[in-house]
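All chains, full assembly: derive it from the sequences and hints.
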Amino acid sequence: MAEKEKLYFTNEHEWIEVISEDYVRIGISDYAVEQLGDVVFVELPAVNDTMKKEEGFATVESVKSSSDIYGPVEGTIVKVNDSLEDEPEKLNDAPFSAGWIVEVQVSGQLNTEEWMDAKTYDEFVSE
Amino acid sequence: MTTSNTKLIFEQSRSGRRAFSLLESDVEVFDLTEELPEHLFRKKAAELPEVSELQLMRHYTALANKNFGIETGFYPLGSCTMKYNPKVNEDIARMDGFMHIHPLQDPATVQGALKVMYDLQEDLKQVTGMDDISLQPAAGAQGEWAGLLIFKAYHEKNGEGNQRKTILVPDSAHGTNPASAAVAGYNVVQIKSNEKGTVGVEALKAALGPDTAGLMLTNPNTLGLFEIDIVEIAELVHEAGGLLYYDGANANAILGKSTPGEMGFDVVHLNLHKSFSTPHGGGGPGSGPIGVKKYLSPFLPVPRIEKQKNLYVLNSDYEDTIGRVKGYFGNFGVNVRAYAYIKSMGAEGLQQVSEDAVLNANYLKARLSEYYDTPYKQHCKHEFVLSGLRQKRKGVRTLDIAKRLLDYGFYAPTVYFPLIVEESIMIEPTETEAKETLDEFVEAMIEIAKEVEEDPDLLHDAPLTKSVRRLDEVMAARKPKVIYQD
Numbered sequence: 001m002a003e004k005e006k007l008y009f010t011n012e013h014e015w016i017e018v019i020s021e022d023y024v025r026i027g028i029s030d031y032a033v034e035q036l037g038d039v040v041f042v043e044l045p046a047v048n049d050t051m052k053k054e055e056g057f058a059t060v061e062s063v064k065s066s067s068d069i070y071g072p073v074e075g076t077i078v079k080v081n082d083s084l085e086d087e088p089e090k091l092n093d094a095p096f097s098a099g100w101i102v103e104v105q106v107s108g109q110l111n112t113e114e115w116m117d118a119k120t121y122d123e124f125v126s127e
Numbered sequence: 001m002t003t004s005n006t007k008l009i010f011e012q013s014r015s016g017r018r019a020f021s022l023l024e025s026d027v028e029v030f031d032l033t034e035e036l037p038e039h040l041f042r043k044k045a046a047e048l049p050e051v052s053e054l055q056l057m058r059h060y061t062a063l064a065n066k067n068f069g070i071e072t073g074f075y076p077l078g079s080c081t082m083k084y085n086p087k088v089n090e091d092i093a094r095m096d097g098f099m100h101i102h103p104l105q106d107p108a109t110v111q112g113a114l115k116v117m118y119d120l121q122e123d124l125k126q127v128t129g130m131d132d133i134s135l136q137p138a139a140g141a142q143g144e145w146a147g148l149l150i151f152k153a154y155h156e157k158n159g160e161g162n163q164r165k166t167i168l169v170p171d172s173a174h175g176t177n178p179a180s181a182a183v184a185g186y187n188v189v190q191i192k193s194n195e196k197g198t199v200g201v202e203a204l205k206a207a208l209g210p211d212t213a214g215l216m217l218t219n220p221n222t223l224g225l226f227e228i229d230i231v232e233i234a235e236l237v238h239e240a241g242g243l244l245y246y247d248g249a250n251a252n253a254i255l256g257k258s259t260p261g262e263m264g265f266d267v268v269h270l271n272l273h274k275s276f277s278t279p280h281g282g283g284g285p286g287s288g289p290i291g292v293k294k295y296l297s298p299f300l301p302v303p304r305i306e307k308q309k310n311l312y313v314l315n316s317d318y319e320d321t322i323g324r325v326k327g328y329f330g331n332f333g334v335n336v337r338a339y340a341y342i343k344s345m346g347a348e349g350l351q352q353v354s355e356d357a358v359l360n361a362n363y364l365k366a367r368l369s370e371y372y373d374t375p376y377k378q379h380c381k382h383e384f385v386l387s388g389l390r391q392k393r394k395g396v397r398t399l400d401i402a403k404r405l406l407d408y409g410f411y412a413p414t415v416y417f418p419l420i421v422e423e424s425i426m427i428e429p430t431e432t433e434a435k436e437t438l439d440e441f442v443e444a445m446i447e448i449a450k451e452v453e454e455d456p457d458l459l460h461d462a463p464l465t466k467s468v469r470r471l472d473e474v475m476a477a478r479k480p481k482v483i484y485q486d
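Just so you know, the protein sequences line up as chains A and B, in that order. Counting in the UniProt record's numbering, the first sequence runs from 1 upward without gaps. Counting in the UniProt record's numbering, the second sequence runs from 1 upward without gaps.
If you're looking for bench data, these hints aren't it; they were derived computationally from the structure. Be aware that one or more of the hints could be misleading.
[Claimed, not checked] Computed far set for chain A versus chain B, every beta-carbon distance over 10 Å:
(1) K6
(2) V18
(3) R25
(4) E43
(5) T50
(6) T59
(7) K64
(8) S65
(9) P88
(10) S107
(11) T112
(12) E114
(13) F124
[Stated by the list, open to error] Okay, the calculated beta carbon distance ranges per label pair:
(14) B:P210 <-> A:E113: 47 to 53 Å
(15) B:K450 <-> A:D93: 31 to 37 Å
(16) B:P210 <-> A:E85: 22 to 28 Å
(17) B:V482 <-> A:E3: 36 to 42 Å
Glycine is no exception: its CB is placed at the ideal position from the N, C-alpha and C atoms.
Pasting the structure below:
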């Protein structure tokens with residue numbers, strides 16, 4: 001379970017938890033799920049799929065719209081939160097914990113400076 | 001109006017009751033079980049509802065009475081042009097010569113029907129400023145797809161098929177635009193709108209390149225705003241070697257005023273079921289003819305309807321055609337209605353349509369702007385977009401406002417579209433509404449704005465007076481039950 005303060009954020013509203021220097025967990029932010037409304041379906045990638053930066057790797061569907069989730073890193077998807085298929089509401093209820101989406105083995109160097117910290121992100125979305 | 005008759009027809013069923021009586025069959029009984037493989041035998045009788053004729057009539061009359069349509073009340077569904085459909089169009093579409101012919105008949109025996117299609121093509125050339133028309137596509141999105149196949153065929157013919165793989169689409173576009181492009185095999189790149197709500201020329205320049213197959217645009221756009229830079233946009237796209245596609249969903253704003261041809265578009269579709277007043281809203285049928293500039297004519301779908309001396313003929317002899325996109329000749333009955341509409345309105349009448357549609361929209365926008373946020377201040381065309389942000393701060397969302405409007409006897413506007421406006425409410429009154437109706441709608445919207453201040457919970461529960469209350473859309477999507485359960 002990650003605390004929001006320890007996460008990094010992209011301007012596409014994904015969060016990244018750095019678990020080790022080449023291993024991350026990825027989800028979408030509280031702001032993103034609020035904008036989406038009630039999530040009703042999540043299309044997940046498969047384990048061993050490649051994640052490419054800024055390319056869609058999953059789709060989240062709410063009663064209002066359908067949105068792609070973009071890869072914040074390059075790497076290989078190692079774990080997928082399959083429980084979201086049956087319980088997509090986890091994304092709304094706990095976007096930073098039970099609603100995580102994938103874990104990725106990062107190829108190459110992680111650069112956390114390209115992302116926002118929680119405080120900067122909150123300012124970013126309140127603009 | 002709440003009505004108690006909500007039982008399913010299956011729940012009214014009583015064994016042995018009948019709504020019909022048939023004569024004794026004078027054909028010998030044939031035992032199908034001797035002819036069919038065993039897995040096709042029915043093991044258990046079909047559980048069809050068994051009711052009397054009167055029960056049957058009451059059931060479906062009750063369902064019909066729950067319907068809401070343009071003839072029941074105001075239907076300001078943005079982007080859908082829910083105008084009145086004159087009944088004379090129905091009379092004409094039901095004439096024997098239109099209703100009782102078959103598409104496989106010898107063309108020589110259906111010259112009248114072919115003449116209508118030919119003349120409709122000629123009229124649509126004028127409306128769009130294009131050189132050739134195909135009536136085949138069944139509706140708007142199919143028109144888009146067919147138009148993009150023409151883009152593709154054109155680029156392939158020029159040896160650039162493998163190079164030009166990207167279709168540009170503004171972020172305010174109808175969802176069908178990127179969807180059609182994807183189905184046609186293109187990559188889609190989104191162009192960000194500028195602060196005025198129109199296509200950002202700089203953003204467009206940055207996106208154009210040797211991979212550009214074309215740009216899809218609606219003008220006026222989905223915010224109801226005219227793309228005033230359209231001539232420059234067209235020049236930029238053409239300079240980059242791309243083509244321009246005009247999504248005709250909003251054509252009700254420009255009839256007799258401008259044409260996509262003049263604006264620089266290469267391919268266009270029209271939604272006859274919107275701008276040309278044929279019934280829609282129940283899932284169709286629609287009709288989405290496409291028009292093209294001369295240099296794209298060879299790629300149009302076949303068969304094409306042409307006039308040779310005094311005879312109307314079907315011509316499929318076009319080597320570069322993208323082929324047939326729909327069975328027979330498109331939705332003929334819809335096209336007949338649109339033809340009747342165009343002929344009864346005339347050119348001046350059609351221009352008046354757009355003038356009145358634009359006037360009605362601006363009137364509503366001006367009256368509502370005190371009570372709801374209007375993100376774009378300039379004059380609108382045939383529709384406009386409000387934002388429910390002010391109300392959201394009071395805990396009431398656009399969805400609640402839309403549901404509450406049902407209680408006031410109005411159909412809800414389009415909500416949460418276009419995507420670039422938060423809590424958007426998209427209103428299109430059309431030209432066929434009287435000022436009194438528009439005023440009643442404004443009064444209801446003002447009343448709802450007051451309710452937001454005084455009793456927001458009321459809105460969360462709306463609609464309160466309909467036979468069906470607020471449906472749990474989330475539960476329906478997450479845990480759908482798709483078969484009848486006791």
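Broken hints, numbered, in rising order? 7, 8, 9, 14, 16
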